[in-house]
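A.B. asks: Just need the whole structure built from these sequences, with the hints factored in.
Each chain, written out:
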Amino acid sequence: MAASSRAYCISYADIKAAYEVVRPHVHMTPLMQCSSISKLTGKNIFLKTENLQRTGSFKIRGALNAVERLKEDHSNSNTSCVITHSSGNHGQALALAANLCGVDSYIVMPETAPLCKKEAVKGYGGNVVECLNSEKSREEVANQVMKDKGGVFIHASQNPRVIAGQGTIAIEILAANPDIDAIIAPVGGGGMISGIVLAAKSIKPSIKVYGAEPEEAKSCYTSKKLGKRTGNPQTPVTVADGVKVSIGENTWPIIRDLLDDVITVSEDEIKAATKLVYERAKLVIEPTSGVGIAAVMKKSFMDLHGNGEEVKNVAVVLCGGNCDLKNMLEWY
Amino acid sequence: MADRLLTCEEIDEGKRIVESSPDCLLTPLLKDVHLLGMQVGGASDGDGRKVHLKLENMQTTGSFKIRGVTSQMTHLNKQENNDKEKKRKVVTMSAGNYGKAFAFACRKHQLDGTVAMPTTAPESREKIIKEFGCNVVRVPSHDLLKKVEELQAEGSTFLHPFDDINIIAGYASVGMEMVAQLGRKPDVVVVCCGGGGFLAGVSAGLRRIGCTDTKIYGVEPETANSMQRSKQQNSACQMPKAHSFAAGLAPQFAGTICYNHVRAYVEDIVVVDEGQIASATRHLCERGLFVEPSGAAAFAAVMFDKVAHIGGDVVIIITGGNVSPSELAHVFEKASS
Numbered sequence: 000m001a002a003s004s005r006a007y008c009i010s011y012a013d014i015k016a017a018y019e020v021v022r023p024h025v026h027m028t029p030l031m032q033c034s035s036i037s038k039l040t041g042k043n044i045f046l047k048t049e050n051l052q053r054t055g056s057f058k059i060r061g062a063l064n065a066v067e068r069l070k071e072d073h074s075n076s077n078t079s080c081v082i083t084h085s086s087g088n089h090g091q092a093l094a095l096a097a098n099l100c101g102v103d104s105y106i107v108m109p110e111t112a113p114l115c116k117k118e119a120v121k122g123y124g125g126n127v128v129e130c131l132n133s134e135k136s137r138e139e140v141a142n143q144v145m146k147d148k149g150g151v152f153i154h155a156s157q158n159p160r161v162i163a164g165q166g167t168i169a170i171e172i173l174a175a176n177p178d179i180d181a182i183i184a185p186v187g188g189g190g191m192i193s194g195i196v197l198a199a200k201s202i203k204p205s206i207k208v209y210g211a212e213p214e215e216a217k218s219c220y221t222s223k224k225l226g227k228r229t230g231n232p233q234t235p236v237t238v239a240d241g242v243k244v245s246i247g248e249n250t251w252p253i254i255r256d257l258l259d260d261v262i263t264v265s266e267d268e269i270k271a272a273t274k275l276v277y278e279r280a281k282l283v284i285e286p287t288s289g290v291g292i293a294a295v296m297k298k299s300f301m302d303l304h305g306n307g308e309e310v311k312n313v314a315v316v317l318c319g320g321n322c323d324l325k326n327m328l329e330w331y
Numbered sequence: 000m001a002d003r004l005l006t007c008e009e010i011d012e013g014k015r016i017v018e019s020s021p022d023c024l025l026t027p028l029l030k031d032v033h034l035l036g037m038q039v040g041g042a043s044d045g046d047g048r049k050v051h052l053k054l055e056n057m058q059t060t061g062s063f064k065i066r067g068v069t070s071q072m073t074h075l076n077k078q079e080n081n082d083k084e085k086k087r088k089v090v091t092m093s094a095g096n097y098g099k100a101f102a103f104a105c106r107k108h109q110l111d112g113t114v115a116m117p118t119t120a121p122e123s124r125e126k127i128i129k130e131f132g133c134n135v136v137r138v139p140s141h142d143l144l145k146k147v148e149e150l151q152a153e154g155s156t157f158l159h160p161f162d163d164i165n166i167i168a169g170y171a172s173v174g175m176e177m178v179a180q181l182g183r184k185p186d187v188v189v190v191c192c193g194g195g196g197f198l199a200g201v202s203a204g205l206r207r208i209g210c211t212d213t214k215i216y217g218v219e220p221e222t223a224n225s226m227q228r229s230k231q232q233n234s235a236c237q238m239p240k241a242h243s244f245a246a247g248l249a250p251q252f253a254g255t256i257c258y259n260h261v262r263a264y265v266e267d268i269v270v271v272d273e274g275q276i277a278s279a280t281r282h283l284c285e286r287g288l289f290v291e292p293s294g295a296a297a298f299a300a301v302m303f304d305k306v307a308h309i310g311g312d313v314v315i316i317i318t319g320g321n322v323s324p325s326e327l328a329h330v331f332e333k334a335s336s
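For the protein sequence lines, the chains are A and B, in the order given. Letter 290 of the first sequence, counting from 1, is numbered 289 in numbering that gives the first Met the number 0, and no numbers are missing. Letter 135 of the second sequence, counting from 1, is numbered 134 in numbering that gives the first Met the number 0, and no numbers are missing.
Derived by calculation from the structure, the hints in this document are not laboratory data. Be aware that one or more of the hints could be misleading.
With a cut-off of at most 30 Å between alpha-carbon atoms, the simulated DSS-like pairs for lysine-lysine come out as follows [as the list claims (entries may be wrong)]:
hint	chain 1	residue 1	chain 2	residue 2
1	B	333	A	274
2	A	270	B	126
3	B	146	B	107
4	B	126	A	325
5	A	203	B	85
6	A	121	B	333
7	B	107	B	126
8	B	129	A	38
9	A	42	B	107
10	A	15	B	49
11	A	270	B	333
12	B	240	B	146
13	A	274	B	126
14	B	107	A	274
15	A	38	B	126
16	B	107	A	38
17	B	129	A	270
18	B	107	B	85
19	B	107	A	311
20	A	15	B	30
21	B	333	A	117
22	B	83	B	145
23	A	274	B	30
24	B	333	A	325
25	A	121	B	30
26	B	49	A	121
27	B	30	A	38
28	B	240	A	311
29	B	107	B	83
If you're wondering where the values come from, they're calculated on a predicted model, not measured in any experiment.
C.D. replies: The following block contains the structure:
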């Protein structure tokens, strides 16, 4: 199916425009070859090292695109302030993006979030507002902040400007190596994968794009299988803490139509892959990034193109490196 | 021998050996790390410096040593093997990254290798070396050289872990590679210094490729500053009390051939303390790179403004990443900031 943009919340033109917006502030992270992982998979594996990105994950791209366009998008609102709820990478990214654009930010985080994450948000100039450790409390507190401060809510994965920003990853991958014939990336809310697949197939229609999910949090896999957006049945328990959320209403249509397939991996596979990247590639990644590596090492991935469609050069997005080493030691 | 420096031919041969070996990788040069949010010292805007990292932690066996070992063994294999029935016997002394690279290469080059290591070395080191099929013999530190001489008498060829002209020739390739990758001559290059072999090689390589104005700095732990002392005293000196948790940077003497090159090509040797090395290690980890403390010393020197006249293009070499997450967690506790 052609990457027609009429049905979706964004178009490839939006992603190209996002690239112009984020480029001055965001480093084009290297696409590194890893010979040990390549040997294990029988393919040429390239790592898109977003773990090295400013704020430690790719999320700065989407956050910057959203904050830079605030005045344009929300001319009737108070655009001196942005709000979100996130204990993860989006919170840090939004805090920095807001700082760079001279805008205040309020990041609602569970009181149980690790101290280093709260400190990181503050370090980037954001205000931390604590809530209880539940979806309900997150939303309630975020709504309260919006009532008190005004400002614009920036969703971590469903905001169209955010999705467009994340799509710039694909522009960079193909600029660095036009011979890449497949891209694989972890999927949570789907912001990254939908931006990537829309951009990649617009640039190179023959390219394959795959999502990777934990078996414990496979809303994307299930949705593709049923042909209907389906959320995770309960809060997932997985070491890949960045992809616990389910895909959303803006990302689902793009995923439904354009994503080639989704590969699921077990907790043990995620841990083994994360360890492999530490030991062989000497890159520090959070376990969520290990999901993509685990997926390329699965037989089911290699079987996907046993039927004559030779996929030789595979780019795996290492989405982030914000991890607590101490926590990892428990299972390392 | 006293003032022996690598010749151009030897440097070019070292580069050729490394480039044609499948064991030696072209490691990435991570450019403009100041744009990635890394703390690179200087004023809050970094004084306009552009900092780049040569990532030898991503080299085969996890450190730059394989380049030197490959050069050493290539030269060795050119010599006659008197006992053609059996594999040639080689011996070295190292509990660290050299030992690991040596063991890896022995298997590759079909050599019968033995590594002598101090009784104080961790079990894990012995295990790694044995897994490559190398023999390990443990003796107290002060008996290492004696054990090596014993094995030499029995027919083993001794391969010095750093004070060897062939090793240094292999390392010169890093100096030349970084210039090609950067696309221009660096203004400053900062290198971790243990025995000084790597610093010697990198600086010789830089000069060979025409970087005559590049200022080259070596970095040592303040508790193991044998090369700094050597420079002050004008001769390679011993330091029996040298110690550091960055064990790779704390041999008990500066190499003689190494010192000759440092004297000829290196601007200065600076020192960093334990807290600074630990902070740099933690910072690099937080920014996504897996680096061992010995490998982070040069970065620490820039991060904590220990090097004078830093400006323009600054290349810092990240020399190794052989450390476990649990070892790293301990190191982070020592961080000064």
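A.B. asks: Now, for every hint given, state plainly whether the structure supports it.
C.D. replies: Structure-based check of all given hints:
Distance check on the hinted pair: residue 333 of chain B and residue 274 of chain A sit about 24 Å apart at the alpha-carbon level, within 30 Å; holds. For a cut-off of 30 Å, the pair hint linking residue 270 of chain A to residue 126 of chain B stands: about 23 Å separates their Cα positions. Between residue 146 of chain B and residue 107 of chain B, the direct Cα distance comes to roughly 25 Å. Compliance with the 30 Å bound is thereby established for this hinted pair. Pair hint residue 126 of chain B plus residue 325 of chain A holds up; C-alpha atoms about 25 Å apart against a cutoff of 30 Å.
Annotation: proposed proximity of residue 203 of chain A to residue 85 of chain B is violated, straight-line Cα distance about 56 Å (limit 30 Å). Distance restraint check for residue 121 of chain A and residue 333 of chain B: the Cα-Cα separation of roughly 24 Å lies within the 30 Å cut-off, and the hinted pair is therefore satisfied. Under the criterion of a C-alpha separation no larger than 30 Å, the hint pairing residue 107 of chain B with residue 126 of chain B is consistent with the structure, at around 18 Å. Taken as a hint, the residue 129 of chain B and residue 38 of chain A pair is honoured in the structure, with Cα atoms around 23 Å apart against an allowance of 30 Å.
For a cut-off of 30 Å, the pair hint linking residue 42 of chain A to residue 107 of chain B stands: about 24 Å separates their Cα positions. For the hint pairing residue 15 of chain A with residue 49 of chain B, the CA-to-CA distance comes to about 28 Å; that is within 30 Å, so the pair holds. Simply put, residue 270 of chain A and residue 333 of chain B have alpha-carbon atoms about 27 Å apart, close enough for the 30 Å limit, and the pair holds. Taken as a hint, the residue 240 of chain B and residue 146 of chain B pair is honoured in the structure, with Cα atoms around 21 Å apart against an allowance of 30 Å.
Restraint check for residue 274 of chain A and residue 126 of chain B: the C-alpha separation of about 19 Å stays at or below 30 Å, so the hint holds. With a C-alpha separation of about 25 Å, the suggested pair residue 107 of chain B and residue 274 of chain A falls inside the 30 Å cut-off, and the hint holds. A distance of roughly 24 Å separates the Cα atoms of residue 38 of chain A and residue 126 of chain B; the hinted pair therefore holds under the 30 Å criterion. This hinted pair checks out: residue 107 of chain B and residue 38 of chain A have alpha carbons roughly 17 Å apart, not beyond 30 Å.
As the CA atoms of residue 129 of chain B and residue 270 of chain A are separated by approximately 26 Å, the hinted pair is consistent with the 30 Å bound. In summary, the hint linking residue 107 of chain B to residue 85 of chain B is supported, as the alpha carbons are separated by about 15 Å, within the 30 Å threshold. This hinted pair checks out: residue 107 of chain B and residue 311 of chain A have alpha carbons roughly 28 Å apart, not beyond 30 Å. Restraint check for residue 15 of chain A and residue 30 of chain B: satisfied, since their Cα atoms lie roughly 24 Å apart, inside the 30 Å limit.
Annotation: proposed proximity of residue 333 of chain B to residue 117 of chain A holds, straight-line Cα distance about 22 Å (limit 30 Å). Under the criterion of a C-alpha separation no larger than 30 Å, the hint pairing residue 83 of chain B with residue 145 of chain B is consistent with the structure, at around 27 Å. A distance of roughly 26 Å separates the Cα atoms of residue 274 of chain A and residue 30 of chain B; the hinted pair therefore holds under the 30 Å criterion. Of the pairs offered as hints, the one joining residue 333 of chain B and residue 325 of chain A holds, with about 15 Å between alpha carbons and a cut-off of 30 Å not exceeded.
With a CA separation close to 27 Å, the supplied pair residue 121 of chain A and residue 30 of chain B stays within the 30 Å bound. Restraint check for residue 49 of chain B and residue 121 of chain A: the C-alpha separation of about 27 Å stays at or below 30 Å, so the hint holds. A distance of roughly 27 Å separates the Cα atoms of residue 30 of chain B and residue 38 of chain A; the hinted pair therefore holds under the 30 Å criterion. Distance check on the hinted pair: residue 240 of chain B and residue 311 of chain A sit about 54 Å apart at the alpha-carbon level, beyond 30 Å; violated.
The straight-line distance between the Cα atoms of residue 107 of chain B and residue 83 of chain B is roughly 18 Å, inside the 30 Å bound, and the hint therefore holds.
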